[in-house]
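Spelled out from the first residue to the last, the chains are:
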Amino acid sequence: MIATAERLLRANVDEAPRPATCVLLAVAGSAVFGLLLGGASGEPWLAVFAMLKLPLLLLFTTALCVPSFFVVHSVLGLRDDFGAAMAGLWSAQATLGITLAALAPFVAFATLSIGNEFTLTLADALLLGVGTIAAQQMLARHYKPLIARDARHRITLRGWLVLYAFTGVQLAWVLRPFRGTAGLPVQFLRPEAFEQNAYAVLFEHVARAFR
Amino acid sequence: MDSPSAWQVLDRTLRGDYLTRDALRSGDGAAPARQLIGLALLLGAIYGLGVGGYAAFRGADRAWMQLLASAMKVPLLFLLTLLVTFPSLYVFAALQRLPLDMRNTLRLLLMTIVVHLTILASLAPVFAFFAASTESYAFMLVLNVLFFVIGGLLGLMVLRKATNAMFTPTPNVEEAKPEAAADASAPWPAGGPPPGSPPVAPRAAATLRQRDGSDRARRLLGLWGLVYGVVGAQMGWLLRPFLGSPDLPFTWFRPREDNVLVGILRALRAMFQ
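Here the protein sequences line up with chains E and X, keeping their order. Under the working numbering, think of the first position of the first sequence as 39, with each following residue one higher. Under the working numbering, think of the first position of the second sequence as 585, with each following residue one higher.
Please note that a few of the clues may not be correct.
[Claimed, not checked] Output of the computed footprint for chain E on chain X, the stretches with three or more beta carbons under 8 Å from beta carbons of chain E: (1) 663 to 676; (2) 811 to 825.
[Unchecked claim] Not close to chain X: a few residues of chain E, all C-beta gaps over 10 Å, as computed: (3) A43; (4) V104; (5) F108; (6) L114; (7) T170; (8) Q208; (9) R214; (10) T219; (11) V224.
For the record, the hints were derived by calculation from the structure and aren't laboratory data. Model, not experiment: these values are computed from the prediction. Just so it is clear, CB atoms sit at the ideal spot from N, CA and C, and this is done for glycine as well.
Turn these sequences into a full structure, and let the hints guide you.
Shown next, in the form of structure tokens:
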């Protein structure tokens with residue numbers, strides 16, 4: 039699997055692995071990250087839940103965004119390039135998974151070093167951000183020839199990034215807890231999972247800070 | 585051919601003999617990883633004994649245990665830091681398409697660690713001398729940090745040399761010439777192009793690719809050095825005590841509190857009070 043991961047990371051656009059291989063790498067890599075994230079609490083079930091939820095986060099976010107991605111390609115007259123764009127997306131997902139697995143030791147290290155729960159959440163977000171940057175590099179590699187062919191691919195690329203991030207944040211909010219909170223029971227999903235909106239909560243926090 | 589002794593491996597590592605293009609890219613004539621690990625353990629233990637010597641000289645509680653603990657914890661500090669930072673460096677190196685596979689990346693980092701630890705081990709007598717002649721615990725803490733920083737900066741030179749060696753032009757690719765990229769009319773060495781060559785400037789293109797790769801490698805390894813330093817410093821904080829305060833009972837590990845920066849600032853303040 040390590041050899042496959044290295045091949046993918048170094049591959050040229052035309053050597054990209056099959057989508058199934060990419061999905062496997064994305065699932066395996068993000069599961070390792072989730073395992074350490076949930077395991078940080080010392081609760082075995084939370085470790086198992088987080089190990090399942092991180093890959094779900096990646097796959098569901100992609101699944102939710104792909105239909106609009108296809109429609110935008112069709113509307114812009116780029117339907118012929120949709121296959122190539124999807125190959126880039128799968129490679130980017132796999133890159134995200136591989137990078138998250140490589141960053142997993144930092145999760146354990148942060149857990150041991152940082153006492154404050156809020157700082158820990160920030161550290162987790164930072165690691166996810168680093169993983170996203172790596173995925174972004176892979177996506178840029180795949181989009182380079184597409185953009186050279188038709189500059190409108192920039193629109194689809196930016197549109198994808200905005201939609202993916204926007205949806206991913208809310209899905210991560212729905213799928214919490216990942217690390218777990220001391221004093222709260224171990225659950226797969228919080229009871230209010232589908233009742234709150236991540237952005238509304240964020241605005242509330244910001245507004246409270248200025249009151 | 586007989587495998588070189590640990591001493592020979594150390595000597596060649598310090599001289600940079602293993603930092604050749606072939607050794608880094610394909611592992612031909614590279615340093616043996618097992619011996620590098622053995623050397624790291626030994627050199628770390630030597631410096632650990634020097635650091636733990638403070639507890640022995642100051643008559644701290646169970647000073648011999650502190651000596652043993654420090655001798656074990658210094659190599660552990662380096663290896664755990666490597667464990668945390670190596671996977672991500674490997675992934676980003678592959679993503680940037682640097683010519684380093686997993687084994688050669690690990691070997692390069694081990695060489696960096698061995699150089700760092702050799703410098704620390706060579707400073708162990710100096711540290712032990714100060715330990716024997718200094719009462720101030722804060723001063724010894726700051727001295728320890730200073731020695732680690734000196735070793736780390738010299739260790740980083742290994743990474744810099746490695747980057748230069750990795751992208752040394754091959755015999756058929758000459759030194760980069762800025763005008764070569766623009767001047768497609770003279771792309772070949774004296775004697776003209778080989779038969780069947782395309783009418784472009786492949787030599788110039790290869791040179792530019794090497795430059796680009798070299799820049800990316802330098803940026804990535806520099807960033808890794810920074811991350812390694814930060815993680816290593818905090819790892820040292822997690823594994824403390826190394827010196828063993830003469831006023832406190834012996835313990836293998838202290839409870840988790842603050843962070844390394846706060847600890848260093850506190851030691852500096854105590855030193856000047």
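Results of checking the hints against the structure:
Counting residues of the stretch 663 to 676 of chain X whose CB lies closer than 8 Å to any CB of chain E gives 8, so the stated coverage by that chain holds, three being the minimum. With 5 residues carrying a beta carbon less than 8 Å from a beta carbon of chain E, the stretch 811 to 825 of chain X meets the three-residue requirement, and the given coverage holds. The Cβ of A43 of chain E does not lie farther than 10 Å from every Cβ of chain X; its closest approach is about 8 Å, which violates its non-interface assignment. Once the 10 Å rule is applied to beta carbons, V104 of chain E is consistent with being away from chain X; the minimum gap is 24 Å.
For F108 of chain E, the non-interface assignment is confirmed: its Cβ lies about 27 Å from the closest Cβ of chain X, beyond the 10 Å cut-off. For L114 of chain E, the requirement that its beta carbon stay farther than 10 Å from each beta carbon of chain X is met, with the minimum near 29 Å. No beta-carbon of chain X comes within 10 Å of the beta-carbon of T170 of chain E; the shortest separation is about 13 Å. The Cβ of Q208 of chain E sits about 27 Å from the closest Cβ of chain X, beyond the 10 Å cut-off, so the non-interface label holds.
Every beta carbon of chain X lies more than 10 Å from that of R214 of chain E, the smallest distance being close to 25 Å; the non-interface claim holds. Against chain X, the non-interface label of T219 of chain E holds: every CB pair exceeds 10 Å, the least being about 19 Å. Residue placement check: V224 of chain E keeps its beta carbon more than 10 Å from all beta carbons of chain X (closest about 23 Å).
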